[in-house]
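Position chain B relative to chain A; hints supplied.
Chains A and B are the protein sequences, given in the same order.
For my numbering, count along the first sequence from 1 and bump the result up by 97.
For my numbering, count along the second sequence from 1 and bump the result up by 97.
Do not rely on the hints blindly, as some may be mistaken.
Said to hold, decoys possible - Selected chain B positions facing chain A (in silico; Cβ < 8 Å):
no.	residue
1	Pro113
2	Ser143
3	Glu144
4	Ala179
5	Asn180
6	Pro203
7	Pro205
8	Gly208
Said to hold, decoys possible - Covered stretches of chain B, as calculated for chain A (at least 3 residues, CB under 8 Å):
no.	region
9	102–108
10	146–158
11	162–170
Keep in mind the hints are simulated off the structure, nothing from the lab.
Just so it is clear, CB atoms sit at the ideal spot from N, CA and C, and this is done for glycine as well.
Number of protein chains: 2
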Amino acid sequence: MSSARLDARLAQDSYPVAELPLCQLRLMDDARFPWLLLIPRRPDVSEVFDLDEADRRQLWHEASEVGRMLKALTQADKINVANLGNVVAQLHVHVVARVRDDDAWPGPVWGHGQARPYDLNELAGMRDHLLAQLDGLNLQP
Amino acid sequence: MSSARLDARLAQDSYPVAELPLCQLRLMDDARFPWLLLIPRRPDVSEVFDLDEADRRQLWHEASEVGRMLKALTQADKINVANLGNVVAQLHVHVVARVRDDDAWPGPVWGHGQARPYDLNELAGMRDHLLAQLDGLNLQP
Chain A
98 MSSARLDARL AQDSYPVAEL PLCQLRLMDD ARFPWLLLIP RRPDVSEVFD LDEADRRQLW
158 HEASEVGRML KALTQADKIN VANLGNVVAQ LHVHVVARVR DDDAWPGPVW GHGQARPYDL
218 NELAGMRDHL LAQLDGLNLQ P
Chain B
98 MSSARLDARL AQDSYPVAEL PLCQLRLMDD ARFPWLLLIP RRPDVSEVFD LDEADRRQLW
158 HEASEVGRML KALTQADKIN VANLGNVVAQ LHVHVVARVR DDDAWPGPVW GHGQARPYDL
218 NELAGMRDHL LAQLDGLNLQ P
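Next up, chain A with everything else stripped away, as it sits in the complex (with noise of 0.2 Å):
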């Protein structure tokens, strides 16, 4: 994160995955979920609609593809994109692949339990799924 510093709640809850155009890519680490963060690299700025417009379009671009991506990669039934922000100021979006039998469903993910946190092998193999699967995808503008 260059040009804004990342909150450290979100810093301590997840783990660096690339870095985007626009934002970076974070996994949450919760097993139970597969659940990606986006974070602009943009000080100062909660609400999307306080990004500008050429940022606002680009982020919905690179959470829209790595939905897809992660729909594909995971089989999932439905992603779920939010941005929230309750806890933590920094504009943040979540994309999380939600399957009919997981910990959560039909409920939001967000406040459900307690997370169950990857061991080394599978955050391993979760992060070089992903980067596979990003090294396919156009995310410039």
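Just chain B now, kept in the frame of chain A:
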């Protein structure tokens, strides 16, 4: 909704407010939270990334401008913007105004307790406020 039939559950749980260029704008019948839905008039679409690019841009444009308007109108602390769709398959985006002492803060509104239906006066007042504010928005593509 001319070109896509509105899902029965969405119809039951919310009131129509306005037709935007792409979406029908509806008010969720839950007076605990100022809570809007944007439903693109496109049949058989569940995921944001299943829209074509022009529609996808327009959806987020409408959601952003509506979110900005709702924040100003309600003096909210944060706007939550989300496409979940675990229960209702028809593509719909939630735009919810949150304040630090609302009934679910800082948790998500989905699945939180029981909705409190608007009474007729509240509903008419809320619709009038929304329609007055919408008048000033530029929602064209």
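Results for each hint:
1. Pro113: violated (23 Å)
2. Ser143: holds (7 Å)
3. Glu144: Since the shortest Cβ distance to chain A is 6 Å, the answer is holds.
4. Ala179: Result: holds, 4 Å to nearest chain A Cβ.
5. Asn180: OK, holds: Asn180 (chain B) within 8 Å of chain A, min 5 Å.
6. Pro203: This interface hint holds because 4 Å falls under the 8 Å limit.
7. Pro205: The hint holds - Pro205 (chain B) has a Cβ within 8 Å of chain A, the shortest such distance being about 5 Å.
8. Gly208: holds (4 Å)
9. 102–108: Answer violated; 0 residues pass the 8 Å Cβ test.
10. 146–158: Holds: 4 residues of the region 146–158 of chain B have a Cβ under 8 Å from chain A.
11. 162–170: The restraint on the region 162–170 of chain B holds, since 4 of its residues have a Cβ under 8 Å from chain A and three suffice.
Checked against the numbered hints above, the structure violates hints 1, 9; every other hint is satisfied.
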